Amino acid sequence: MSQEIVLEVEDLSVDINVPSGTLHAVSNLSLHVKKGETLCIVGESGCGKSIASLAIMNLLPRRASLTAKTLVLEGRDLLDLSEKEFANLRGDRIGMIFQDPMTSLNPVFRIGNQLEEVYMEHGKGNRKEARERAEYLLEKVGIVAPKERLSQYPHQLSGGLRQRMMIAMTLMCDPALIIADEPTTALDVTMQAQTLNLLRSLQKEFNAGLILITHDLGVVARMADRVMVMYAGYAVETGTAIEVFDNPNHPYTQGLLDCIPVPGRREPGSKLGSIRGIVPALVGDIKGCTFRNRCDFSTKQCEEEIVALKELSKDRAFRCILTPEERETTKQNPGTTQ
Amino acid sequence: MNQLNPQSNNGNIPALECRNVSQTFMIKSGMFAEKKPLKAVEGVNLSVNRGEVIAIVGESGCGKTTLAKMLLGLLPPTTGEILLDGIPINSVSILDIARKVQPVFQDPYSSLNPRKTLESIISLPLKVHNIGTEIERKGRVEEYMRLVGLPNRLIHSYPNQLSGGQRQRVAIARALIMEPKIIVCDEPTSALDVSVQAHILNLLQDLRKKLNLTYAFISHDLAVVEHLADWVAVMYLGRLIEFGKATDVFRDPKHPYTQALLESVLTPDASLGLPEITLGRGLPNPLSPPSGCYFHPRCPKSSAECSEKSPLLKREKNYLVECHLYN
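Chains Z and C supply the protein sequences, listed in that same order. Count along the first sequence from 1, then add 88; that gives the number in our numbering. Count along the second sequence from 1, then add 150; that gives the number in our numbering.
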């Protein structure tokens, strides 16, 4: 696997104008994805994970404004691109897979036409070549009788097949980066594992970087090379999947992991862990740690300053003033850090 | 007929019982074509005792929601009987059913009327049943809001002022205010974030202990099911293919379909890769189900016998499985 960096993002912020002020949807997000690598962005609804991906693809709503220090795809600076240049990039160098394949596919065109269009629109070849490429990719995504499937309409396919079509469509132009936003949330559990397997093996085969956005910690654990946990617009923890799941450093990550029932890990019927409170409103000036109101370890200091990302190593960082060890001692002697 | 239900042999009357319940819809397949029968639920037998949780699991289209509708009395079964505390559901009026069984649905956004305040949403069942005066009803609403963990100040709020978790609490309070014995939960947490899901699952557990409730819990999330359920019923294409104590089903699933379902659960364990599932294509067309065992086209263990004749239901104490491997 080549270690070449496909996407580099530094200090990406997205502000959205809402009637009550400015909503800080994403704040100072930095990330990178290498070729053949999977970065999972995980977080609950409203944490900014989808907005961040839309920002990378320049698909933000009009009311939103983007600022970033660096936004580079394959050595090309995306910040200076015109709308038209971006349109050429999407579908060609960046592929997208969304949650619901029925809304991403056009219901009145045959599958074949939709796949070929991507190829021809980006000037990769004529219709005959496009058709060959589409048939080849349909075989790749495990569809039997690809010729017949290409002449069908989206409604004639099952949800799992449609999502495979989306994967094939994404690969038509051999993209450097694939962004998949909750690709299996609409699928049954049995189809989920198969679709993820497929996505993973094709991503490795085509040596593309993959950003997988999901709320499902199970999917993250099994798919990710690296994980980024987001909360209220901030990346609160990054690391390899094993590091994050085995030794979570941020109280939010810890809380999330305690919340989910895990077969065999907890007595059935026992109480699940929980995170109290709700996600804060992100409108207006953000002061202090955004998680402090829900955190069991928050101190005065948490209210005052925006916590900086503490880097432990190149790929490992977290955003909390306390280390896990310090939190452990606070838990035993409550009140000592107040 | 009672011997069909393995765990009802001990003499007490189950809180909820299905005897050979089927639901057939007639589906138009073309402008001039004859209507075809779609067997949404076929010959389901199960029973739950008071205070227990039965989980009904399966892929979408397996008939679990149709079964839930029948349990709620919203859809009379085509054949078979549903009994609540030993009384057939079709012999009592819908109002009486509603006093015993109440639903909690998946989407708390669409199941609450956006133009009504919480007070009027939660007290509606009381109004419909003509229980109490206005003031008494308000007292009951406050009591149940406290029970589900909603602060009293929200009583005049509208659903759009609440978070997803709070809305689901409203739905639970509305279900509980009639003091039903059975709650049918149709995917009650799948629209919620994980941290909120944990709150709601903990609440459901607490309420069950406090009020000795029986839950019919429909879910596709097997981790949640394992956490909550006493009994598990696995459905495939309308048929109940495996039924047993949750601990037994999760420890040693018998049916190849159940095995595949359990293998597809992605636990948050980063040291494991993705499971290899060999189920192949999706659910077959329920309008023309496969011959023999409905599961044989996807089954990794199928033999010639499976495509020819239907498997018999094998009954053991506290266990049912429908597969040729065990005939």
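Because the hints were derived from the structure by calculation, they are not lab data. Given the structure is predicted, the values throughout are model-derived calculations rather than measurements. Treat the hints with care, since some could be wrong.
[Unchecked claim] Lysine to aspartate or glutamate pairs mimicking EDC-like chemistry, simulated, CA-CA at most 20 Å apart:
1. C:Lys277 / C:Asp246
2. C:Lys266 / C:Asp235
3. Z:Lys235 / Z:Glu220
4. Z:Lys359 / C:Asp380
5. C:Lys395 / Z:Glu355
6. Z:Lys375 / Z:Glu393
7. C:Lys360 / C:Asp380
8. Z:Lys359 / Z:Asp384
9. Z:Lys359 / C:Asp356
10. C:Lys467 / C:Asp246
11. C:Lys395 / C:Glu413
12. Z:Lys122 / Z:Asp384
13. Z:Lys398 / Z:Glu98
14. Z:Lys157 / Z:Glu98
15. C:Lys451 / C:Glu413
16. Z:Lys228 / C:Glu426
17. Z:Lys123 / Z:Glu220
18. Z:Lys292 / Z:Asp180
19. C:Lys359 / Z:Glu414
20. Z:Lys359 / C:Glu286
21. Z:Lys292 / C:Glu413
[Said to hold, decoys possible] The calculated label-pair distances, taken between Cβ atoms and stated as ranges, are:
22. C:Glu329 / Z:Ala233: 52 to 58 Å
23. Z:Glu355 / C:Pro264: 57 to 63 Å
24. C:Ser260 / Z:Gly357: 51 to 57 Å
25. C:Lys185 / Z:Ala369: 25 to 31 Å
26. C:Glu455 / Z:Ala233: 50 to 56 Å
Ideal Cβ positions, reconstructed from N, Cα and C, are used throughout, including at glycine.
Taking only the CA atoms, is the gap from Lys157 of chain Z to Glu98 of chain Z under or equal to 20 Å?
Distance of about 5 Å is within 20 Å: holds.
Please verify whether Lys228 of chain Z and Glu426 of chain C have alpha carbons no more than 20 Å apart.
holds (17 Å)
The hint says 25 to 31 Å between Lys185 of chain C and Ala369 of chain Z; measuring C-beta to C-beta, is that right?
Given a distance of about 53 Å, which is not inside 25 to 31 Å, the answer is violated.
Range agreement (Cβ of Gly357 of chain Z with Cβ of Ser260 of chain C, hint 51 to 57 Å)
The hinted range 51 to 57 Å is violated for Ser260 of chain C and Gly357 of chain Z, with Cβ atoms some 30 Å apart.
What's the verdict on Lys395 of chain C and Glu413 of chain C, does the C-alpha distance respect the 20 Å limit or exceed it?
Holds, at about 18 Å.
Between the alpha carbons of Lys395 of chain C and Glu355 of chain Z, is the straight-line distance 20 Å or under?
holds (15 Å)
Next pair to validate is Lys359 of chain Z with Asp384 of chain Z; report whether the Cα-Cα distance is within 20 Å.
Cα-Cα ~18 Å, so holds.
20 Å limit on alpha-carbon distance, applied to hinted pair Lys122 of chain Z and Asp384 of chain Z
With a Cα-Cα distance of about 36 Å, the restraint between Lys122 of chain Z and Asp384 of chain Z is violated, given a limit of 20 Å.
Lys292 of chain Z paired with Glu413 of chain C [C-alpha distance capped at 20 Å]:
The given pair, whose Cα atoms are some 23 Å apart, is violated under the 20 Å limit.
Given pair status - Asp380 of chain C, Lys360 of chain C, alpha carbons within 20 Å:
Answer holds: Lys360 of chain C to Asp380 of chain C is near 17 Å, not above 20 Å.
Given the proposed pairing of Lys359 of chain Z with Glu286 of chain C, does the C-alpha separation stay at or below 20 Å?
violated (34 Å)
Satisfaction of the hinted span 57 to 63 Å by the C-beta atoms belonging to Glu355 of chain Z and Pro264 of chain C:
With a Cβ separation near 40 Å, Glu355 of chain Z and Pro264 of chain C fall outside 57 to 63 Å, so the hint is violated.
Violated hints for the displayed structure, listed by number in ascending order: 2, 10, 12, 17, 19, 20, 21, 23, 24, 25, 26.
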